[in-house]
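Line by line, the protein sequences give chains A and B. Numbers 1 to 297, taken from the numbering used here, label the letters of the first sequence in order. Numbers 1001 to 1151, taken from the numbering used here, label the letters of the second sequence in order.
Just to be clear, a hint being listed does not mean it is correct.
Straight-line C-alpha distance at most 20 angstroms; calculated SDA-like pairs for lysine to any residue [as the list claims (entries may be wrong)]:
1. B:Lys1148 to A:Ser266
2. A:Lys226 to B:Thr1086
3. B:Lys1077 to B:Thr1026
4. B:Lys1111 to B:Leu1079
5. B:Lys1148 to A:Pro219
6. B:Lys1125 to B:Ser1046
I should point out that these hints are in silico values taken from the structure, not numbers from a laboratory. Keep in mind it's a predicted model, so treat the numbers as computed, not measured.
Chain by chain, the residues:
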Amino acid sequence: MTARPGPRAGFWVFATPLLCLIIAAGAAAATPADQIEHGRYLVHAGGCISCHTADRPDAIPLAGGRRLETPFGVFYSPNLTPDRRTGLGGWTDSDFAAALRHGRGPDGSPYYPVFPYPAYAGLNDADVAAIAAWLRSLPPVENPVPAHELPWYLRSRWLMPGWNLLFFDPQPFKADRTRDADWNRGAYLVRHLGHCGECHTPRNFLGARDDALELAGNPDGPDGEKIPNIRQDRKSGIGRWTIEDMLLFLELGMLPDGDFAGSSMSAVIDDNTSQLTADDRRAIAVYLQSLAPLDSP
Amino acid sequence: MRRSTTAALLALATLAFAGNSIAATTPADAIKYRKAVMSAMAGHTSAFSLINFGRVEHRDHLLAHVDALAALGTQLKVLFPAGTGTGDTDALPLIWQEQEKFGQLITASEKSTAELRAAVTTGDKAATMKAFKAVGESCKGCHDRYRKEDD
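Generate coordinates for the entire structure from the input sequences, incorporating the hints supplied.
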């Protein structure tokens, strides 16, 4: 009787290369290249490009210098490329985490809330690290940006710790287990990464978001624009929009009546929502449709 | 004598009438007309998209909508006469400051609409989808630069 490899041996003959493949694929998922690609996606989903790119046809994306007019003065967005002198060259992961989630620069100085750190506070660790990885992978661009043009009492940042004490309560995003995965993903995108409320939620006289009116529109939005209500009110909000209407708007910028968005939302659609996966756009729509109706302020 | 007087009166009346009809187009009415044409275009775009994205049947209606868009699109160039940048309008003064660039964008939108029409006539769904998105881009591009949304 000749010894034949039993079924068990046969299993291993086939399984070993397969296992190696699985292990290799698992290792590949954690490579820096994948993390960088995930970071690229998140920077688009986070709307970083719209504000951190100057408003000129030849502007280099993310090299900063966009002029942002607000009721508190004129801000110029910083350069996010890894240039040592004028950008974020040398920033560590913890520098990125402090900036995004706590609104503090590497030297500990507070940022102004024109940078949406109150929304980014909910970003998870993996997303912060991926954003940092992609920004670090960009070619450095030397682009000094002008100083902010602010009233005297805002020029030094001594008011900011007080503002943060009053209005800033950094909380990590917590999934709501009573809701499905789409809803939770949508909540993360709308409330944190996509920071929709930074424009669509009205602000109080000190420039803090009035979250009692979350997403109900801002009559005094950036650049003097009136920002629409995206709660479910049928008259002043988007209560008549179906999920499909929202998907078309987020992808193409088309409103249900066939008009096309212009102004600041046009840039958000180009740089952010049209770049999302169809699943993420659907998650945003599902979340928005779940919100209680609220009339515009 | 009598005949020539009549002719002169008629000529005068015609002149007065012609003059009157030119003066009758107020900037407010020109703006109203522009909005009406834009709304008509939006209506056809919305209808087209409902079919295009498979939310309703009626693929045989696509051609009617794109024909209307093409016809109305060629009118855009004359819908922004001087003096219609103020009043009940979201049109920005930039339109009249850079007429050449504005005209180029309208020409580009006419071209993209013509391409959409061509795609519809071949019945190619994927090409129609692609061309429709391009038309949307041209609408959005112009609105982004030349329209201020404040309502």
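Evaluated hints:
1. Using a Cα cut-off of 20 angstroms, the hinted pair lysine 1148 of chain B and serine 266 of chain A holds, with the two alpha carbons roughly 12 angstroms apart.
2. Straight-line distance between C-alpha atoms of lysine 226 of chain A and threonine 1086 of chain B comes to about 18 angstroms, which keeps the hinted pair within the 20 angstroms bound.
3. Restraint check: the Cα-Cα separation between lysine 1077 of chain B and threonine 1026 of chain B comes to about 18 angstroms, which is no more than 20 angstroms; the hinted pair holds.
4. A hinted pair counts as satisfied when its Cα atoms are at most 20 angstroms apart, and lysine 1111 of chain B with leucine 1079 of chain B qualifies at roughly 18 angstroms.
5. For the hint pairing lysine 1148 of chain B with proline 219 of chain A, the CA-to-CA distance comes to about 14 angstroms; that is within 20 angstroms, so the pair holds.
6. Note on lysine 1125 of chain B and serine 1046 of chain B: the hinted pairing holds, with a Cα-Cα distance of about 17 angstroms set against a maximum of 20 angstroms.
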